[in-house]
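Sequences listed follow chains A and B, in order. The numbering used here numbers the first residue of the first sequence as 1 and each following residue consecutively. The numbering used here numbers the first residue of the second sequence as 1001 and each following residue consecutively.
Careful: at least some of the hints might be erroneous.
[Stated by the list, open to error] Simulated crosslink set (BS3-like; lysine-lysine; CA at most 25 Å straight-line): (1) B:Lys1021 x A:Lys380; (2) A:Lys82 x A:Lys127; (3) A:Lys380 x B:Lys1123; (4) A:Lys380 x A:Lys319.
In short, the hints are calculated from the structure, not lab data.
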Amino acid sequence: MKFPLYLDNHSTTPMDPRVLETMLPYFVEKFGNAASRNHAFGWEAEEAVEQARKQIARLIHADSKEIVFTSGATESDNLAIKGVMEMYREKGDHIITCLTEHRAVLDTAKALEAKKGIKVTYLPVDKTGRVNPDDVRNAITEKTILISIMMANNEIGTINPVKEIGKIAKEKGILFHCDATQGVGKIPVDVQEMGIDLMAFTAHKIYGPKGVGALYVRKKAPRVRIAPLIDGGGHERGMRSGTLPVPLIVGFGKACELCEQEMPTESVRLAALRDRLQAGILKSLDEVYLNGHPTQRLPHNLNLSFAYVEGESLLMGVKEIALSSGSACTSATLEPSYVLRALGVGSDLAHSSIRFGLGRFNSEEEIDYTITRIIQIVNKLREMSPLYEMAKEGIDLKTVQWAAH
Amino acid sequence: MAYSEKVVDHFNNPRNMGSFKKDEEGVGTGIVGAPECGDVMKLQIKVQDDKIVDAKFKTFGCGSAIASSSLATEWMKGRTIEEAGKIKNTEIVQELNLPPVKIHCSVLAEDAIKAALNDYKKKHGKSE
Chain A
1 MKFPLYLDNH
11 STTPMDPRVL
21 ETMLPYFVEK
31 FGNAASRNHA
41 FGWEAEEAVE
51 QARKQIARLI
61 HADSKEIVFT
71 SGATESDNLA
81 IKGVMEMYRE
91 KGDHIITCLT
101 EHRAVLDTAK
111 ALEAKKGIKV
121 TYLPVDKTGR
131 VNPDDVRNAI
141 TEKTILISIM
151 MANNEIGTIN
161 PVKEIGKIAK
171 EKGILFHCDA
181 TQGVGKIPVD
191 VQEMGIDLMA
201 FTAHKIYGPK
211 GVGALYVRKK
221 APRVRIAPLI
231 DGGGHERGMR
241 SGTLPVPLIV
251 GFGKACELCE
261 QEMPTESVRL
271 AALRDRLQAG
281 ILKSLDEVYL
291 NGHPTQRLPH
301 NLNLSFAYVE
311 GESLLMGVKE
321 IALSSGSACT
331 SATLEPSYVL
341 RALGVGSDLA
351 HSSIRFGLGR
361 FNSEEEIDYT
371 ITRIIQIVNK
381 LREMSPLYEM
391 AKEGIDLKTV
401 QWAAH
Chain B
1001 MAYSEKVVDH
1011 FNNPRNMGSF
1021 KKDEEGVGTG
1031 IVGAPECGDV
1041 MKLQIKVQDD
1051 KIVDAKFKTF
1061 GCGSAIASSS
1071 LATEWMKGRT
1081 IEEAGKIKNT
1091 EIVQELNLPP
1101 VKIHCSVLAE
1111 DAIKAALNDY
1121 KKKHGKSE
């Protein structure tokens, strides 16, 4: 085993060496600008970009002409939401989204509310983190022009009923944007079957390079139009100007191709490792709670709350394993995870949550090591926890008058 | 965020971690914080002839909170009640090199010290 172990694959993934290999010729040797139409250097670059576009489109069952390259999923979310709201402003002023979206969507919606007078409905989720399609239907007004619901959540891995939401959107003639950053490459995604009109995703979550993402923009039934955020040379059919980062795009394409080929076996392998991790921890520790949906979740995600133990101290105790926590102490805002709060998880358990994000390069040996270390540190910190002591004495912590600070 | 060496040392080798029986003669207990806020500290002192002869802590919280309370027990031992009451959070910040976002941990430790001292005084008829 090579330390530190990396179990934070929702945050980013290491690049696959096979991806790097395909990118390398496009830095020095094949450096052309894909927009140069009048010489071999440009043609070579353009060909590479179009090849990548096909690989990417194939993974999500789209046409390659429907892929718009961006700098990443955050830009794609911004482009989709702001682009649609600007383009269709005369048709309405209402967006439907949900409380557990990534901040790339939430903050974009908030910015439109504050600056453009757009109205936004933030739908609640159930205790497993799923949006109820009926809530989407009920929130639709005559002024609704966009539904933006994520495919799978980045903290708890819960997969939304995207197909059902897509169906409602079609039925009502409303555009459906889906932030699929955590879903693409991990679970089967089919924009046709799912009724998705716009979809954001990125390369670095699927073992590709950082700095490149894509927005799927439906071309037929309906033909979706968006106003650009960045004006300039009219690249990407005018939706996103700027010289294309050819090496990154080539890497993105290869990353998608690998995901497509390996998903059937890899998702099974990851789910088995994840289940092993969960079972190993739950077998030896009491009062550990699963956050998210028991089955409708990403195969590589596990989010647990360890009662009476604060998340950041847990991470500090297993420094040789890279993990993430919903504890306020690990965020800039000093508030515990808004995603867990939206599920109705109490602040105390939100502070105690740990996210495990498994990936392509994790081994069974690493998972077994992680189980052992998590059990050790949780026992040690519970020994140190006044809350655990009180609970063991039979005191109901909910009835204690805490001096909040 | 990188922790100072002293925080890491207190976290890995906590000083005086544990509990006294609350009703034991000469013991004062202070519990501050709230689970919803992500930190709860329990500090206990054992007093003989106005002097703190022993101290213990238990903390639910981040590494800096654990280190602040561990340090507090070290500093309280051997002091008189009056001297212990003068421990300031700023001294804890300085000793542990706490960054600005962790200053509340030191404030909580100072509050826990005061709460333990007050509990002792109250139990022993010395409340102010």
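To see whether the hints hold, each was checked on the structure:
Between Lys1021 of chain B and Lys380 of chain A, the direct Cα distance comes to roughly 21 Å. Compliance with the 25 Å bound is thereby established for this hinted pair. A threshold of 25 Å between alpha carbons decides the hint, and for Lys82 of chain A with Lys127 of chain A the separation of about 30 Å lies outside it, so the pair is violated. Among the hinted pairs, Lys380 of chain A with Lys1123 of chain B is inconsistent with the structure: their alpha-carbon atoms are about 32 Å apart, more than 25 Å. Between Lys380 of chain A and Lys319 of chain A the alpha-carbon distance is near 15 Å, which keeps this suggested pair within the 25 Å criterion.
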